[in-house]
Amino acid sequence: MTAPRTMPANAPSPGLRPVRLDAYRYAIGLIPGLEFFENALLVYFAAYVAGGVDASPKEFVWMTTAYGIASVLAILKQQWLVERIGYRRYLTVSLLLYACGAVVAGTTESVTQLVVARTLQGACAGSWMSACRILAQVSFPAERRGKAVQTFALMLFTCMAAAPLVGSLLVARYTWRMLFLCTAPLAVMLAALAWFSVPDIGRLRDRQTGGGSYPFLPFMAFALAMGGLQVVLQEMRYSLWLQTPWLPLLTAAAVGALVWFAYHQWEHPAPFIQLQSLRRREFQVGLLLFVFYYYLANTQSYLLPRLFEQGFGFTIEHTGQLLGYSSLLTVLLLIAYFRFAKFITQKKYLIISGFAMTIVTCVWLGALPPDAGQAQLYGILALKSVFGIFVVLPVANLTFKTFDHESFVHGYRLKNILRQLSGSFAVSTIVAFEQHRDALHRTRLSEATNPFNPAFSQTLDSLTAALTHAGVAVSQAHGAALAQIAQIIQRQAAFLTFIDGFHFVAIVALCGGIFAALQQRLN
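Each residue of the sequence shown is one higher than the one before, starting from 1488 at the first, in our numbering.
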């Protein structure tokens, strides 16, 4: 099998001036950092976006699903585009189109328009992480590559840390639309930075014009497979799999298309993704650990702000500050990790301890009372900030350590396909879990609100008397007391739902920790 043509591993940095070289190093970190920043905004403040366009939970999941599918397809098509226009033009154009998508998303008036806008953004931004990480790997000489990779990771974590701080201020002082609109000028500035700093590399000037190396049919087969499986997973939360014939038929078609795509990529001389990398045991293990990490990171990011606001009654600005400062602690720990990682030889135990900290964090949150204060959250947030450093960085190093440039390019694209799918699946499952548990708790709590329950009758009489004493008319006090009891039930149901969610996350983290502990080749 002949390897597909990719960007040569020559280093452009000696031909760049020092200022331009530093700009290039920061550009390949900030560009994917913008995607991480906006995705974190949407996960943290999902309730405000869904409420802004009056989207049901099912419709909101469609938005994340559309972004995920478009991102995966963009990763598959990335090399084809780079070979024709080069990395410089590819990043510049995709950033400008992403800015257009941000403006459309920020001015939308319906769920359908928002889904279309997010699809455009996913098609533009989905491949930034793989493109920029590949650039850091293959365009810097060995003596400068380590610093470039560290800058890349530092920019990603810093952008994610800024999301809750910036987002809480935007939503509190303006509207949810600013979550999208604020990224448009950032994308335009990064497009200018990319045009100035990124070398004109990756384009194959002597390529064949026929384009036979990238057939259209397998690309569409993969698109059908991903779209079909996402639809099936989403609809199974609302109906039984065998209740209607179209779900089994769609599942069979999607699985068949995926199997044919895998066979085609395995046999084709110039595949989208070189699946031969999957033969390596450490790569298989690394991919599964990445899936665990991205799933846990997205579910926790979705649950935490909702628990703080709806469960503990914090304001949105207060919530953003707590989550933002916790994320900034992660950045500081990242810098420390870069300095001391070379002294840690048993990285397997580092990964296991990362999962263990997530379990402790979730169980600790589940033990807090509904009136918990800020001081009781410091330890929990500190533990949460360690999770990403202890898991994703050692796993990234161990997964790709033995890869050459060609294998790294294909392996990293496959890893980022799983990243996008894991993030989309995480939001879908946690939203479904939240709906189910909230309905269950509301039903159980409402069962106690009847005149035959002495506690309910006493509470209703006390609230009615208090409202009457406060000046509310007697004819209205009874109804107002019932409304207050309904609000109490709603808050208690929400609080119990979030606690159940963290217990679920703890179980997933336990599975990840056990899987890591059973591996013999993580060091």
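Don't take each hint at face value.
[As the list claims (entries may be wrong)] Below are the BS3-like pairs computed for lysine-lysine, each with C-alpha atoms no more than 27 angstroms apart in a straight line:
| hint | residue 1 | residue 2 |
| --- | --- | --- |
| 1 | Lys1888 | Lys1829 |
| 2 | Lys1634 | Lys1834 |
| 3 | Lys1564 | Lys1834 |
[Claimed, not checked] Taking CB as the label site, the calculated pair distances span:
| hint | residue 1 | residue 2 | range |
| --- | --- | --- | --- |
| 4 | Gln1833 | Glu1754 | 18 to 26 angstroms |
| 5 | Ile1572 | Arg1766 | 51 to 59 angstroms |
| 6 | Asp1891 | Leu1932 | 40 to 48 angstroms |
| 7 | Arg1767 | His1990 | 22 to 30 angstroms |
| 8 | Ala1926 | Ile1572 | 24 to 32 angstroms |
| 9 | Ala1854 | Glu1754 | 38 to 46 angstroms |
| 10 | Ala1935 | Glu1596 | 35 to 43 angstroms |
In case anyone wonders, no lab produced these hints; they're calculated from the structure. All C-beta atoms, glycine included, are put in the ideal place defined by N, C-alpha and C.
Here's how the hints hold up against the structure:
Restraint check for lysine 1888 and lysine 1829: satisfied, since their Cα atoms lie roughly 14 angstroms apart, inside the 27 angstroms limit. Restraint check: the Cα-Cα separation between lysine 1634 and lysine 1834 comes to about 21 angstroms, which is no more than 27 angstroms; the hinted pair holds. Between lysine 1564 and lysine 1834 the alpha-carbon distance is near 34 angstroms, which puts this suggested pair outside the 27 angstroms criterion. At roughly 40 angstroms, the beta-carbon separation of glutamine 1833 and glutamate 1754 lies outside the given 18 to 26 angstroms, and the hint is violated.
Look at isoleucine 1572 against arginine 1766: about 33 angstroms separates their beta carbons, and that is not inside 51 to 59 angstroms. With their beta carbons about 59 angstroms apart, aspartate 1891 and leucine 1932 fall outside the hinted range of 40 to 48 angstroms. For the pair arginine 1767 and histidine 1990, the supplied restraint of 22 to 30 angstroms is violated, since their beta-carbon distance comes to about 35 angstroms. At roughly 50 angstroms, the beta-carbon separation of alanine 1926 and isoleucine 1572 lies outside the given 24 to 32 angstroms, and the hint is violated.
Between alanine 1854 and glutamate 1754 the beta carbon distance is about 54 angstroms. The supplied range of 38 to 46 angstroms is therefore violated. As the Cβ distance of alanine 1935 to glutamate 1596 is approximately 41 angstroms, the hint placing it in 35 to 43 angstroms holds.
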